[in-house]
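Student: Given next are the chains, with one letter for each unit.
There are 2 protein chains.
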Amino acid sequence: MNTDALRYRRGHADRFLGELKDFIRFPSVSSDPARAGSVKECAAWLAGHLKHIGLERVKTFPGTRHPIVYAEWKQAQNRPTVLIYGHYDVQPAEPLREWKSPPFQPRVRGRNLLGRGASDDKGQMFTHVKALESYLRTAGKLPVNVKCLFEGEEEIGSPSLAGFLARNKRALRADAAVISDTQMLAPDRPAISYAERGALSVELEVSGPRRDLHSGNFGGAVHNPAQALCEILARLHDSGGRVAIPGFYDSVRATEPSERAHLAHAGPSGAQILTEAGERKAWGEIGYTTYERTTIRPALTINGIKSGHQGPGGKGIIPASATAKLSFRLVPDQVPEKIAAVFRRHIERIVPDTVQVRVKTLSGAKPVMMDPRHQALSAAAFAYRKGFGATPRLVRSGGTIPPVIAFQETLGIPAVLMGFGLPADNIHAPNEQFHLPNFFKGIDTSIWFLAAMGAQRS
Amino acid sequence: MNTDALRYRRGHADRFLGELKDFIRFPSVSSDPARAGSVKECAAWLAGHLKHIGLERVKTFPGTRHPIVYAEWKQAQNRPTVLIYGHYDVQPAEPLREWKSPPFQPRVRGRNLLGRGASDDKGQMFTHVKALESYLRTAGKLPVNVKCLFEGEEEIGSPSLAGFLARNKRALRADAAVISDTQMLAPDRPAISYAERGALSVELEVSGPRRDLHSGNFGGAVHNPAQALCEILARLHDSGGRVAIPGFYDSVRATEPSERAHLAHAGPSGAQILTEAGERKAWGEIGYTTYERTTIRPALTINGIKSGHQGPGGKGIIPASATAKLSFRLVPDQVPEKIAAVFRRHIERIVPDTVQVRVKTLSGAKPVMMDPRHQALSAAAFAYRKGFGATPRLVRSGGTIPPVIAFQETLGIPAVLMGFGLPADNIHAPNEQFHLPNFFKGIDTSIWFLAAMGAQRS
Chain A
3 MNTDALRYRR GHADRFLGEL KDFIRFPSVS SDPARAGSVK ECAAWLAGHL
53 KHIGLERVKT FPGTRHPIVY AEWKQAQNRP TVLIYGHYDV QPAEPLREWK
103 SPPFQPRVRG RNLLGRGASD DKGQMFTHVK ALESYLRTAG KLPVNVKCLF
153 EGEEEIGSPS LAGFLARNKR ALRADAAVIS DTQMLAPDRP AISYAERGAL
203 SVELEVSGPR RDLHSGNFGG AVHNPAQALC EILARLHDSG GRVAIPGFYD
253 SVRATEPSER AHLAHAGPSG AQILTEAGER KAWGEIGYTT YERTTIRPAL
303 TINGIKSGHQ GPGGKGIIPA SATAKLSFRL VPDQVPEKIA AVFRRHIERI
353 VPDTVQVRVK TLSGAKPVMM DPRHQALSAA AFAYRKGFGA TPRLVRSGGT
403 IPPVIAFQET LGIPAVLMGF GLPADNIHAP NEQFHLPNFF KGIDTSIWFL
453 AAMGAQRS
Chain B
3 MNTDALRYRR GHADRFLGEL KDFIRFPSVS SDPARAGSVK ECAAWLAGHL
53 KHIGLERVKT FPGTRHPIVY AEWKQAQNRP TVLIYGHYDV QPAEPLREWK
103 SPPFQPRVRG RNLLGRGASD DKGQMFTHVK ALESYLRTAG KLPVNVKCLF
153 EGEEEIGSPS LAGFLARNKR ALRADAAVIS DTQMLAPDRP AISYAERGAL
203 SVELEVSGPR RDLHSGNFGG AVHNPAQALC EILARLHDSG GRVAIPGFYD
253 SVRATEPSER AHLAHAGPSG AQILTEAGER KAWGEIGYTT YERTTIRPAL
303 TINGIKSGHQ GPGGKGIIPA SATAKLSFRL VPDQVPEKIA AVFRRHIERI
353 VPDTVQVRVK TLSGAKPVMM DPRHQALSAA AFAYRKGFGA TPRLVRSGGT
403 IPPVIAFQET LGIPAVLMGF GLPADNIHAP NEQFHLPNFF KGIDTSIWFL
453 AAMGAQRS
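Each protein sequence line maps, in turn, to chains A and B. FYI, the numbering for the first sequence is 3 to 460, going by the working numbering. FYI, the numbering for the second sequence is 3 to 460, going by the working numbering.
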């Protein structure tokens, strides 16, 4: 049955690529209110496509800001159920001038497909859609029961997902979830991540005078909010690269020496990570390797700063305010709400009385850790060997996939992080791309994964 | 002769105000290349207006980026020559949403005229234009010889002016310059500034990775350029509010105790300055009053910071770079070029080897100091007593008027800083305004000033 599906995939590769391009053309930027219409259109296109390939009960549910697209196929009696999760929303494309081609006009360059969402996550989630089509258009059935759940709010922290899962617990019952939204180590080195860092996104605004002031008339006599913000931000790390917020490390679980040894072998080298980053020099918490700093240790990152004059040339002002967007990456057993509280408390303690400060929590997600020996992870390892000809490494990831914790906590199932992305994909950055061999091998891997899951009794 | 001029001024107040509004309607933002056409149109309008009121040899000269408008009247034999300087270019109007009415649609609110450039400097320079008209349309002549020099590049550091003065040294010969581009202490408290701070505007860019990085995959393992910028900026002041750049204070001239005592009496109180700034708490160099910190002491101000994500919501990135615009205010005998060099040297010394840094000098202007007993300053004091009914205080200012140093160095003449602005004018900020009583009293004061100068032999 899967031989036919694999042959169908090979026979329709060009069309599959064309459809992925159509999918990427929607500028479904979930964080930008001005793009809400495009997100909705993208959801409608996706729902239509799922219906077209033969899935059943295709439906679009309203989310907090953007729709959830659902579809299913439940005719594989006595077989397990796989919940396929993905997200059709994307990160903002700015800065636009750094793109080699327009972000929402996908273009093949060499062996890569360029476009916002090409890898994160439209291209990766589409591998499963095309695997399902390859079965349904050949055998007319699937080897397992399947429930597809594609959301449009992942890049804004999945505000609706946990509630949706809780409200539809029975209907969404499954044996395992599969999510393709992570990276392999290299084109020939697949990986299965069994741990993801959590996240906490906050905004910090420092304000001073009621309005921008003339820097000649007042320069030297008032505490500049931009300067005060820098003084605060500069104090959030110590000279050893540790986050200098009291209580921040209190709940960090120590990693066993055996796991650290495994990761040192399975994960990328420090030099590899720096090469991917385009950095010459490492930086970070003393006592940990570069890979450990991005996986088993938490981090605090400034995502953006905005204050005062932004245009060309100079402008002689003391800005009335300065704002920074920050994000934490959290590890077990840190809790986003508690970290938000220690952060707020710390800021209130260190802010000088010459300025005012406002702290706003934007979103939070718990860190997650899975059992690397679960049978769904074994099925994924088998599928990778078939699809990529290589045994996947079991690794930990630095990123955050809020749905994984939601599946674990609400539905009680593990999520197989079957990543087809590559470190060079430039996700969240200009010139995002998806390695086309991974798109096609990814479809094959999904075909094999569904077959391996189907070989199990439910 | 000046009685008729004063009567004419009173009889044409409404038309004068209407003409000032026309002048403000040109969005002559000199720093914005997109506004170059508007700057040019504004210059043409001004030249036409000067011709219309009866000035001679009206001409527009090309500057580095924007034109210089020149006009003269030289029929007052054996009388001194006054060089009237002003600038018709304005600061950017951003942030636009904070304006109560559109910045280039001037509107009278209460006793103020709102609009970008209303005070700085269109309204103030226009007082002299209307004083000249009041003489020429009544007596048909002026009590002194006059040369008008109105430039369009003041807000970008007057890049053409010094060269223009040097090239036209003979043609511009005069006994004194008068510039109305400063503030009075209050509506009934005129002031003549005999010292201005210099300025040095620089841009500092910190860069790290080749592109924005995913903060999940790399957070904790690379030195964030935004963080590195904050760490650098936070180190530019010590905890006592002093600029922490070695060599920065080396050439700062100590102020005599007698001058400090005079300024403590003549200048605004610390409480007044804080009220104007809308600040509750003072900040600055220990050992100096708030007024001294803005006049006899140099300062370093962050004018703007830009890095990474600027839009709504969060974005999980490590920005590839971070940029700050900074400006120094300098006092005698600091030299902008030397301060630029000590700044660059200091930055290169403190930048960590995990990031790259680029320092760019945008513009510089020397500090200036004049003899408070010069006869042109006495004529101005007399004129203020007539126009405002109050004796002006002799004060020092924190701002920077590059032309003043150019007049002193190239033409060898003092510049009378006959300010008609008020601290509440919001110059360089949203809701810039000009106090209308000061516009009309300013015209009267200019009429009296020209009369007093004309009473002297050349």
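Check each hint, because a few of them may be wrong.
Copies of one chain are not kept apart here, so a pair can be met inside one copy or by any two copies together.
Computed list of lysine to aspartate or glutamate pairs in DMTMM-like fashion (alpha-carbon distance at most 25 angstroms, straight line) [unchecked claim]:
| # | residue 1 | residue 2 |
| --- | --- | --- |
| 1 | K283 | E207 |
| 2 | K23 | E96 |
| 3 | K53 | D335 |
Keep in mind the hints are simulated off the structure, nothing from the lab.
Student: Does each hint fit the structure? Answer for all of them.
Tutor: Hint by hint, here is what the structure shows:
no., hint, verdict
1, K283 x E207, "between (31 angstroms within a copy, 18 angstroms between copies)"
2, K23 x E96, "within (20 angstroms within a copy, 39 angstroms between copies)"
3, K53 x D335, "neither (41 angstroms within a copy, 78 angstroms between copies)"
Hint 3 alone, counting from the list given before, is not met by this structure.
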